[in-house]
Amino acid sequence: MATLTLRDLRKSYGSHEVIKGIDLAIADREFVVFVGPSGCGKSTLLRMIAGLEEITSGELQIDGTRVNQIGPADRGLAMVFQTYALYPHMTVRQNMGFALRLARVPRAERDRKVEEAARILQLEPYLERRPRDLSGGQRQRVAIGRAIVRQPKVFLFDEPLSNLDAALRGQMRIELSRLHEELNATMIYVTHDQIEAMTMADKIVVLQAGRVEQVGSPLDLYHHPANLFVAGFIGSPRMNMLPAKVVEAGALGTTVTLSSGQRISVPVEARMARTGETVTLGIRPEGLHIDPAGTIPATVSLVERLGGLTLLHVKADGDQEMTVQIEGSAPVRAHEQISLAVDAAACHLFDNAGQALPHFGRRPLAA
Amino acid sequence: MSAVLASEAETPPRLLQKVGSLLLLPSVIVLLAWMIIPLVMTLWFSIQYYNLIDPTTTGFAGLDNYRYLVTDPDFWVSLQNTLVLVASVLVVTVGLGTLLAVVFNEPFPGRNVARVLAISPFFVMPTVSALVWKNLMMHPIYGVFGALARGVGIQPVDWFAEYPLSSVIAIVSWEWLPFALLILLTAVQSLDHEQREAARMDGAGVWAQFFFITLPHLSRAISVVVMIETIFLLTVFAEIFVTTSGGPGNATTNLAFLIYARALLQYDVGGASAGGVVAIVLANVVAFFLVRSIARRLEV
Amino acid sequence: MRATPLQRLLVTIAGWLVALLLFFPIAWAVLTSFKSERDATTPGLLFSPTLDSYQEVFARADYFHFALNSIVISVGGTVLALVFAIPAAYAMAFHPTERTRSTLLWMLSTKMLPPVGVLVPIYLLFRTAGLLDTKSGLVMIYALMNLPIIVWMLFTFYKEVPNEILEAGRMDGARTWSEVWFLLLPLTMPGVASTGLLSLILCWNEAFWSLNLTSAGAAPLTAFIASFSSPEGLFFAKLSAASTMAVAPILVFGWFSQRQLVQGLTFGAVK
Numbered sequence: 001m002a003t004l005t006l007r008d009l010r011k012s013y014g015s016h017e018v019i020k021g022i023d024l025a026i027a028d029r030e031f032v033v034f035v036g037p038s039g040c041g042k043s044t045l046l047r048m049i050a051g052l053e054e055i056t057s058g059e060l061q062i063d064g065t066r067v068n069q070i071g072p073a074d075r076g077l078a079m080v081f082q083t084y085a086l087y088p089h090m091t092v093r094q095n096m097g098f099a100l101r102l103a104r105v106p107r108a109e110r111d112r113k114v115e116e117a118a119r120i121l122q123l124e125p126y127l128e129r130r131p132r133d134l135s136g137g138q139r140q141r142v143a144i145g146r147a148i149v150r151q152p153k154v155f156l157f158d159e160p161l162s163n164l165d166a167a168l169r170g171q172m173r174i175e176l177s178r179l180h181e182e183l184n185a186t187m188i189y190v191t192h193d194q195i196e197a198m199t200m201a202d203k204i205v206v207l208q209a210g211r212v213e214q215v216g217s218p219l220d221l222y223h224h225p226a227n228l229f230v231a232g233f234i235g236s237p238r239m240n241m242l243p244a245k246v247v248e249a250g251a252l253g254t255t256v257t258l259s260s261g262q263r264i265s266v267p268v269e270a271r272m273a274r275t276g277e278t279v280t281l282g283i284r285p286e287g288l289h290i291d292p293a294g295t296i297p298a299t300v301s302l303v304e305r306l307g308g309l310t311l312l313h314v315k316a317d318g319d320q321e322m323t324v325q326i327e328g329s330a331p332v333r334a335h336e337q338i339s340l341a342v343d344a345a346a347c348h349l350f351d352n353a354g355q356a357l358p359h360f361g362r363r364p365l366a367a
Numbered sequence: 001m002s003a004v005l006a007s008e009a010e011t012p013p014r015l016l017q018k019v020g021s022l023l024l025l026p027s028v029i030v031l032l033a034w035m036i037i038p039l040v041m042t043l044w045f046s047i048q049y050y051n052l053i054d055p056t057t058t059g060f061a062g063l064d065n066y067r068y069l070v071t072d073p074d075f076w077v078s079l080q081n082t083l084v085l086v087a088s089v090l091v092v093t094v095g096l097g098t099l100l101a102v103v104f105n106e107p108f109p110g111r112n113v114a115r116v117l118a119i120s121p122f123f124v125m126p127t128v129s130a131l132v133w134k135n136l137m138m139h140p141i142y143g144v145f146g147a148l149a150r151g152v153g154i155q156p157v158d159w160f161a162e163y164p165l166s167s168v169i170a171i172v173s174w175e176w177l178p179f180a181l182l183i184l185l186t187a188v189q190s191l192d193h194e195q196r197e198a199a200r201m202d203g204a205g206v207w208a209q210f211f212f213i214t215l216p217h218l219s220r221a222i223s224v225v226v227m228i229e230t231i232f233l234l235t236v237f238a239e240i241f242v243t244t245s246g247g248p249g250n251a252t253t254n255l256a257f258l259i260y261a262r263a264l265l266q267y268d269v270g271g272a273s274a275g276g277v278v279a280i281v282l283a284n285v286v287a288f289f290l291v292r293s294i295a296r297r298l299e300v
Numbered sequence: 001m002r003a004t005p006l007q008r009l010l011v012t013i014a015g016w017l018v019a020l021l022l023f024f025p026i027a028w029a030v031l032t033s034f035k036s037e038r039d040a041t042t043p044g045l046l047f048s049p050t051l052d053s054y055q056e057v058f059a060r061a062d063y064f065h066f067a068l069n070s071i072v073i074s075v076g077g078t079v080l081a082l083v084f085a086i087p088a089a090y091a092m093a094f095h096p097t098e099r100t101r102s103t104l105l106w107m108l109s110t111k112m113l114p115p116v117g118v119l120v121p122i123y124l125l126f127r128t129a130g131l132l133d134t135k136s137g138l139v140m141i142y143a144l145m146n147l148p149i150i151v152w153m154l155f156t157f158y159k160e161v162p163n164e165i166l167e168a169g170r171m172d173g174a175r176t177w178s179e180v181w182f183l184l185l186p187l188t189m190p191g192v193a194s195t196g197l198l199s200l201i202l203c204w205n206e207a208f209w210s211l212n213l214t215s216a217g218a219a220p221l222t223a224f225i226a227s228f229s230s231p232e233g234l235f236f237a238k239l240s241a242a243s244t245m246a247v248a249p250i251l252v253f254g255w256f257s258q259r260q261l262v263q264g265l266t267f268g269a270v271k
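Going down the list, the protein sequences come from chains S, W and H. Numbered according to our numbering, the first sequence terminates at residue 367, and the numbering increases by one at each position without gaps. Numbered according to our numbering, the second sequence terminates at residue 300, and the numbering increases by one at each position without gaps. Numbered according to our numbering, the third sequence terminates at residue 271, and the numbering increases by one at each position without gaps.
Rather than coming from a laboratory, the hints here were simulated on the basis of the structure. From the three backbone atoms N, C-alpha and C, an ideal C-beta is built for every residue, glycine too. Keep in mind that the hints are not guaranteed to be accurate.
[What the hints assert, rightly or not] Going by beta-carbon spacing under 10 Å, a handful of chain H positions derived as facing chain S:
| hint | residue |
| --- | --- |
| 1 | D52 |
| 2 | E56 |
| 3 | A168 |
[Unchecked claim] Calculated pairs, DSS-like style, for lysine-lysine (alpha carbon to alpha carbon, straight line, at most 30 Å):
| hint | chain 1 | residue 1 | chain 2 | residue 2 |
| --- | --- | --- | --- | --- |
| 4 | H | K159 | H | K111 |
| 5 | W | K18 | H | K111 |
| 6 | S | K203 | S | K20 |
| 7 | S | K113 | S | K153 |
| 8 | W | K18 | H | K159 |
| 9 | S | K153 | S | K20 |
Same shape as in the complex, but just chain S (with noise of 0.2 Å):
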């Protein structure tokens, strides 16, 4: 059982306030991704949780024991840093097991586990091998053996995949997928990348300025962002978002208009926004529609083809810039005219706050 809690925690340096009261529980199992900008404290948190920083004030526990003043190698977790920290001057074998020989593990059944970690990891013909002779990849999986010989309650994984080059990231993301479902352990993961997060985790953790935005599924996130901060950083490409009055909340929704006049009924509860009051329609790129029927009238400025779908950079009338993004094979040119139709149900609102006005009904995966 590894179940974690965090109870308003708070980290300062001297007066500046860098961890702003952070309430979190992890279920035993859970892969939790922490995802947010630089500088947002996701890292900061994680070395918190790992005894590496002090915590100025709130409580963490592990499995209901309170930790604050346990030291980071009587926790029961493991971590992978960044830069994989391996020691250069001990073999792969030694590195992996270097945990087990300080807590005076006899050699033979050190050795098995370091073994049957090598065997997981595909490790087994580097055993004698130095950091310095292994690739990048290999070095992080020896990262992650050092941790999984430990057999730990948390694993806990400080952005592991940055310094790989984007084509062993892909493949890397999918072998930690698999290991949290053989090892069946709790993992919390850091990471500034928001397909990482959406690709690997059961739950997300969105922080900025040390807080936390909104915790949920990646899908939830996806299509209930609570404002919008979470509704810009999650999903690439960005959401579209576009400034619009109030002209009518009501039961059936709230009716906007935006600048060019067009007026558009979203499906979602009009809260505290009043008639005539500013707020902001978000619409997805896939939200947007090339129809000859539609409402709002644009110039294409850029064209960019991945291939499998089509990216188009349009300018809306008002000098109001949109992604849009449409099927792969569509014949559409650079500085062509075209017209746009809006999925009403798929778009968001927020209030001048920023915060989002909930939708009527929940999307069915993201309950």
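Assemble chains W and H onto chain S, guided by the hints.
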């Protein structure tokens, strides 16, 4: 604060800092003693009448020792010799050193071996350097220079008799050129070669590159070399001790040798201490600038 | 290659010319050491090599006495300095305080004290303490003189150990002692070795205190060679032999410690 569990608590950083200070303490105490005690004693002696072999010379001297020093023509000669020595060696080592650093920065066949040969003089002990130069190189009869002179039909020069200070300067320059070369070479190598290539694209020839790119980049290293060499060169001793003993007359007596002569040859502790204070003050002036330069680069 | 063939030729010539000229006196001394004393007086290249001079220098029992002094003093000064410097540098690198920076700078500044400025008190103190002409006296002085440089160099080597490796060690369960024994020591051993090498070189070549504080009893090779300065005539080959033996090992050490030299003697002001 809630109750702490029975598990072992981690050593708080404050305790570790205290342990750190404890580990540091012996070195600090020892260096402090090394600095303060002799310094204070030198100052004290400099205002005393004190002669090691004449027990009648005692008592408080006030500034008399300094007055004797300042009115002693030997003192001013020694000061001049010191400055001439330091300045000349600096010019030769830094000037040649810069040019050589640029040369050794370029790849050429056997460069590593050539470099090893070029830096060797720095590792030869000063007494050996001095004697080898005096007897095997510069000696008018037995030395290589003499033989070469005779070979082209000119009268060999007795360097130490006719140009004593220049001879000492030559020896010291030979010893310290490798130091300047090594340091400046390290600095030149840190120059991003893409910068030089950009200059080439902009049309800069070899000399223009040297003056507009290399030299400004080196200015910091050059100033460091100048300051460090100055501090060490102010107290050149062994080479003089072994070749000329300050002579002929006081032609090669620098401040360091003067102090030595006063202290251990004339046993005038008071006078020698006054000279010592002067040397310390001179060195401190340079040290001030050097420490400032280091401090700017220091990351703790 | 960017240089024209002519430029490359000029550079090759310049580089080799300078290297040979600078090395020449050393090479000449080595050459002379293999001459007989008669041949040594005429600076020629043709001679019949002999080991007579070396034999004569060896025969002087006191050569080994002085060489041993040099060894004992250099090693002693280095070890003593390391004993103080290793914990000090460790403390400054891994448990710094606000004062660490100024302490380090102050230490470096003590190295800038001109030895001749304190010749008088040191001489008198040694005389009173009976330390004149003793190896232990020189060992203490050398340790003090080199302590700032050694601390500084060890400090830079300790800082080069990536902090994440130590953190990984901590996560693996290493307490302070294990951290030092299993991680720090092996990782910094090369640095300590090269620092020690530099210290050996500096001690071996030191020629101020060794000339003034010692005589027949504890004099190292620097002082022994200095005794050749009184004109005795017809001794150049022996001088060369003695010099060669005194200098050769240090020369080799020096070739291996170029980088440490730059770091140590410029106090890191040049990277």
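Status of each hint after checking the structure:
1. D52: 50 Å, violated
2. E56: 49 Å, violated
3. A168: 4 Å, holds
4. H:K159 with H:K111: With Cα atoms ~22 Å apart, K159 (chain H) and K111 (chain H) stay inside 30 Å; holds.
5. W:K18 with H:K111: 26 Å, holds
6. S:K203 with S:K20: 21 Å, holds
7. S:K113 with S:K153: Satisfied, since the Cα-Cα distance of roughly 16 Å is no more than 30 Å.
8. W:K18 with H:K159: Holds, at about 19 Å.
9. S:K153 with S:K20: 26 Å, holds
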